[in-house]
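Each protein sequence line maps, in turn, to chains U, Y and Z. Letter by letter, the first sequence follows residues 1 to 437 of the working numbering. Letter by letter, the second sequence follows residues 1 to 437 of the working numbering. Letter by letter, the third sequence follows residues 1 to 437 of the working numbering.
The hints are simulated quantities; they were obtained by calculation from the structure and are not laboratory data. Since the structure is predicted, the reported quantities are computational estimates derived from the model, not experimental observations. Accuracy of the hints is not assured; some may be wrong.
Said to hold, decoys possible - Residues on chain Z that point at chain U, a partial pick, calculated with CB under 10 Å:
(1) Cys63
(2) Ser232
(3) Leu236
(4) Leu269
As the list claims (entries may be wrong) - Stretch by stretch, here's where chain Y covers chain Z in the computed footprint (C-beta under 8 Å, at least three residues):
(5) 369–377
(6) 397–411
To be verified - So these bits of chain Y aren't anywhere near chain U, every CB distance computed over 12 Å:
(7) Glu7
(8) Glu48
(9) Thr61
(10) Cys63
(11) Gln85
(12) Trp211
(13) Phe289
(14) Arg291
(15) Leu295
(16) Pro307
(17) Arg426
Even glycine gets a Cβ: it sits at the ideal position worked out from N, Cα and C.
Take a look at the letters that make up each chain.
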Amino acid sequence: MVVYKPESAEQGAALGRAMHGLATELFPICRSITGDGVRQTLGIIKRELPDLQIFEVPSGTPCFDWVVPNEWNIRDAYILDPSGQKIVDFKQNNLHVVGYSVPVEGSFALKELRAHLYTQPERPDAIPYVTSYYKEHWGFCLPYRQYRALPSGTYRVKIDTTLQPGSLTYGEILMPGASEREVLLSTYVCHPSLANNELSGPVVTIALAKWLAEQPRRYSYRIVFIPETIGSIYYLSRHLDHLKRTVDAGFVVTCVGDDRAYSYMPSRLGGTLADRAALHALRHSGHDFTRYSFLDRGSDERQYCSPGVDLPVASLMRSKYATYPEYHSSDDDLSLITPAGLQGGFKMLQRAIESIEANRRYRTTTLCEPSLSQRGLDPAIGTNDAAEAVRDMMTILAYADGNHDLLHVAEMLNVPVAQLAETAARLQQQNLLAEIG
Amino acid sequence: MVVYKPESAEQGAALGRAMHGLATELFPICRSITGDGVRQTLGIIKRELPDLQIFEVPSGTPCFDWVVPNEWNIRDAYILDPSGQKIVDFKQNNLHVVGYSVPVEGSFALKELRAHLYTQPERPDAIPYVTSYYKEHWGFCLPYRQYRALPSGTYRVKIDTTLQPGSLTYGEILMPGASEREVLLSTYVCHPSLANNELSGPVVTIALAKWLAEQPRRYSYRIVFIPETIGSIYYLSRHLDHLKRTVDAGFVVTCVGDDRAYSYMPSRLGGTLADRAALHALRHSGHDFTRYSFLDRGSDERQYCSPGVDLPVASLMRSKYATYPEYHSSDDDLSLITPAGLQGGFKMLQRAIESIEANRRYRTTTLCEPSLSQRGLDPAIGTNDAAEAVRDMMTILAYADGNHDLLHVAEMLNVPVAQLAETAARLQQQNLLAEIG
Amino acid sequence: MVVYKPESAEQGAALGRAMHGLATELFPICRSITGDGVRQTLGIIKRELPDLQIFEVPSGTPCFDWVVPNEWNIRDAYILDPSGQKIVDFKQNNLHVVGYSVPVEGSFALKELRAHLYTQPERPDAIPYVTSYYKEHWGFCLPYRQYRALPSGTYRVKIDTTLQPGSLTYGEILMPGASEREVLLSTYVCHPSLANNELSGPVVTIALAKWLAEQPRRYSYRIVFIPETIGSIYYLSRHLDHLKRTVDAGFVVTCVGDDRAYSYMPSRLGGTLADRAALHALRHSGHDFTRYSFLDRGSDERQYCSPGVDLPVASLMRSKYATYPEYHSSDDDLSLITPAGLQGGFKMLQRAIESIEANRRYRTTTLCEPSLSQRGLDPAIGTNDAAEAVRDMMTILAYADGNHDLLHVAEMLNVPVAQLAETAARLQQQNLLAEIG
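Just chain U, with the same shape it has in the complex:
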């Protein structure tokens, strides 16, 4: 794996624009945790990543404490006001319909209708994002300002949906590496027209998969595009033993598209390779970042890190879900995420992955310091770079006791682990280091 090889600014910008373009293509699709929106989304992802395997899990399939729900599809939905004017229209914005709304057609007095209307008073011009997956219900979401101005009278309402046995759809790629040890990337494809949370996750994950495909890989990469919660629960219910045996690190890829912040969410107990790599990437990025607690969790780490599952999964984000004002509203749109924001999210995850690839555990092959001069490892005297190179070399050797991995040494020296990895490789070539397990 080529580590920390910075693309040119131009290549980086092009990648950012490409990701934003893909998000723009995916944006209008009405996704949910099941249904044709997910299938259409996975179809586009498969176009980008032809190795993607797509799975259909029948409604009613039990998984741990849950059952795969009925499949939901929607054709149309609207509200006509007393004057017959269409004031809320699913075709204008798919956030207008409460996700998983059951079909309805009829007339309602304003007062009756209100029990089915959702707004966000503190953000009066935005349409909030609301779902009711597991309680049969119907509803509309609309700006609070519009809601407040509704005249009394009789409203005609139509929601043309189906909620019936079908299946839950998800996608998976396994990219084999030199080792069968795995890194897991998990992102979700269940949010309708929302951008940072959540189209940024799938588009950055696609970019990471394309990048990984071009690299020699030490680790194998397992990448899943699933609906949040029920998707990860189903996936874990079928693959837990394998994952517990093989996954050394994983990331939930979510909220990686705006350009306002970097964020870190630890695994449940912290300190896993994923946590260490994420923090290492952030610390050496030159960017400030916010360190959240697992108490602030909110996405699929809730499943991956649950007791008895305990996979080493952390999150590296831009502005974290539930912390920014546009969250779960129509304001989380394509203007909120930017090419530069997506590029930053991509790069940070790339660096964390590179750190994992670069990290190794060594033991010295000789007692005491080796003689560098007899091997020509002693650089010409005098330059600062040379002094740093010798310092790196000697410190790698000094801590090559089988207990301290390269990431540990890198943190001690406050340098990127990739810098040490090259030095360590040279020492290994000279038979001064032996890799462990």
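With chain U fixed as given, assemble chains Y and Z onto it according to the hints.
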């Protein structure tokens, strides 16, 4: 056990007054580590707690490095000045006589007498509290101001005491609970007319025992009223194996009567259930408190926490012994302790005990998060209380891995453990949690 | 061992002057990692310490990754300028010749010569100290100011050295103590005319050896005078098993002669007895000190603490190598080290050694606190010293659980461990403590 059920302000105040009333009744009795003063005191305690068992341990009984001393009793003691006036009188204040003074009757020149007089120059109007349990001696204590003004001449002195084989007296109650695991409360009854240190300990312990008697108890409660040091040493010498097997937490109840401070004294190594419950109670009390070191120890934790004994015993106090100016002098009187002070000491210990009762260790019964909605545990959307309830529920589940107990989760969430205990009980009823051990 | 018995100020000053005098005698000798300069130095050390054993290790002897190099000796070396004037003369200062220079005799244009000249531009009047042990090379060192003023023309150069099979010379003393457990002192004798780094190390070590010879010793002391790096590597290659079995603590004695700072360099992982004793000595010295990281290492701790060797070796220094401006230049001369500076270095190491000698691990012989009064250990009431004595006694007993050694208790109480050692000895005499291990 009903946890954190606050009595009404009126009930609380009544309890405070009742405790102060009992202290007032006990105050005049001349207690020591043995003798009729202890018996009389235990008699009053047995009137309050009829299940109290009273034990007599014969003088000369060996216990670890010690031997139960002779029994001491006093009828009278005084000093007549050269003019024949009674200037120091045991009947005015029992602190006037050095505890365990041997009998004496005779005339002494002032200079000879001075070798037997004790004062506290930095507190010139107070009578200090002095004892000489293990070295045969006699003496009087008096205000420094009075001492300085003694005219020269011949003084008549009488101390009418007995120091001869008898017994050491102590009391014990065992209040069985659902489990045989025990909580130990230890308080001492060897101080004469002193109030914060030490009548507050026995009166608050009596109140705790009465309160515990009315509760369903998970733990069994072992409560001892003993003389300090020799009492706990004797008690441990006879019950150590049992205590080491069964005691999960214990408190030395001492200095719980004034209204100026809250204090915490850890067990020797800290971190026991008693330490954690004490700190939890203090942190969630809304009061500031002082955290002492075990180096500041001074009461029966010296024995309970000694190497090889190592019981999980901490102290929760108001103003700690040896830190307040009236300590061990006649100024530590019934005006120093207040109904509110005693009430505060009682409440803090009550909360620590409630925290111990509320603390449990769980494991989830399902992998991944359970489906709350299918169980009706998902509260109506929208209120902040509901959000907190869900957060509590999900966090209890997230840490129900067998390693983190409820106290740990409560400290993470910064909420009282009793709040979590109710939520955990609901989850257990729904078979989502299984209690461990 | 008599601990913390301060010599009189006069005795201390006399010791400082004696150490400085010995440094003055040793200063002119041209030492290197092999050769007659080392032999002559060890001869003087043997005059001071007649039990010193001197060893010769033949060139070509393999040791771990290394081979003992050829022996280097020098008779003369100089540069004649174009006018025939001797402008650089080994006989004026042995730093003028790059250590291990191969012989050369010839004429060189200034430009050719420059490739063999070394200066220190940031310290333009000083001769730098340069060596080339493992790459065949020759060179001269001179002040930058002189170097800049060299006229062009042809220079005559002569270096009259031999570099051929011979041996590496080192010295060792083992001073047996009551136990076979060892303390290691390691210092180096390979630097030519340099004072803080490094004649201070040998002269302070000689003083420590003389002092130790007069003390009853609990530990055995192994003291080595070796060339840096190759000396410690050779020594470890022959004695590692023994050292790993017997050494409880060790110090590299280096840079202990100036009067500007105190410094501490930890062992690789820290926390060894040597680290704890060094920090204890420093903390209770009343002096400020700098705490370096093992990343700042630079002397034989690089070998003693290397993975798999891992001896408990730390360094207690005055101004640490590579941190003071005169380091490795002719300004590190006899005016840089002072009698007071050497005396301070000696004292700090003495205190660390005393702390090691004083440190013991105990277990109480009785459960609960013992009865001090029946043993006369209860001092007369009232003085502050007595209160401190009782506090020390009770705290030693409270932590005599087999896990906390006296150094630990001393750090808790913030007192010198030697103070506790006397108290602990008294408790042991009274059979209240039993020593462990």
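Now for the hints, and whether the structure bears them out:
Satisfaction of the interface hint for Cys63 (chain Z) is found here, the shortest Cβ-Cβ separation to chain U being roughly 8 Å, below the 10 Å cut-off. The interface hint given for Ser232 (chain Z) holds, since its Cβ lies 8 Å from the closest Cβ of chain U, which is under the 10 Å cut-off. The beta carbon of Leu236 (chain Z) is positioned within 10 Å of a beta carbon in chain U (closest approach about 6 Å), and the interface hint is therefore held. Taking 10 Å as the C-beta cut-off, the interface hint given for Leu269 (chain Z) holds, the closest approach to chain U being about 9 Å.
Coverage of a stretch by a chain is defined here by at least three residues with a beta carbon nearer than 8 Å to that chain's beta carbons; for the stretch 369–377 of chain Z and chain Y the count is 5, and the condition holds. Counting residues of the stretch 397–411 of chain Z whose beta carbon lies closer than 8 Å to any beta carbon of chain Y gives 6, which meets the minimum of three for the stated coverage. No Cβ of chain U comes within 12 Å of the Cβ of Glu7 (chain Y); the nearest lies about 33 Å off, and the non-interface call holds. Every CB of chain U is more than 12 Å from the CB of Glu48 (chain Y) (nearest about 45 Å), matching its label as outside the interface.
Interface exclusion of Thr61 (chain Y) from chain U stands, the closest Cβ pair being 52 Å apart, more than 12 Å. At the 12 Å boundary, the C-beta of Cys63 (chain Y) stays outside the reach of chain U, the nearest C-beta of that chain being 46 Å off. Annotated as non-interface, Gln85 (chain Y) keeps its C-beta farther than 12 Å from every C-beta of chain U; the closest such distance is 73 Å. Once the 12 Å rule is applied to beta carbons, Trp211 (chain Y) is consistent with being away from chain U; the minimum gap is 34 Å.
Its beta-carbon lying about 25 Å from the closest one in chain U, Phe289 (chain Y) satisfies the requirement of being farther than 12 Å from that chain. Every CB of chain U lies more than 12 Å from the CB of Arg291 (chain Y), the least distance being 24 Å, so the non-interface label holds. Remark: the non-interface label on Leu295 (chain Y) is consistent with the geometry, its nearest Cβ contact in chain U lying 33 Å away (cut-off 12 Å). With a minimum CB-CB distance of about 32 Å to chain U, Pro307 (chain Y) clears the 12 Å threshold, and the non-interface call stands.
Arg426 (chain Y), annotated as away from the interface, keeps every beta carbon of chain U farther than 12 Å; the closest lies near 16 Å.
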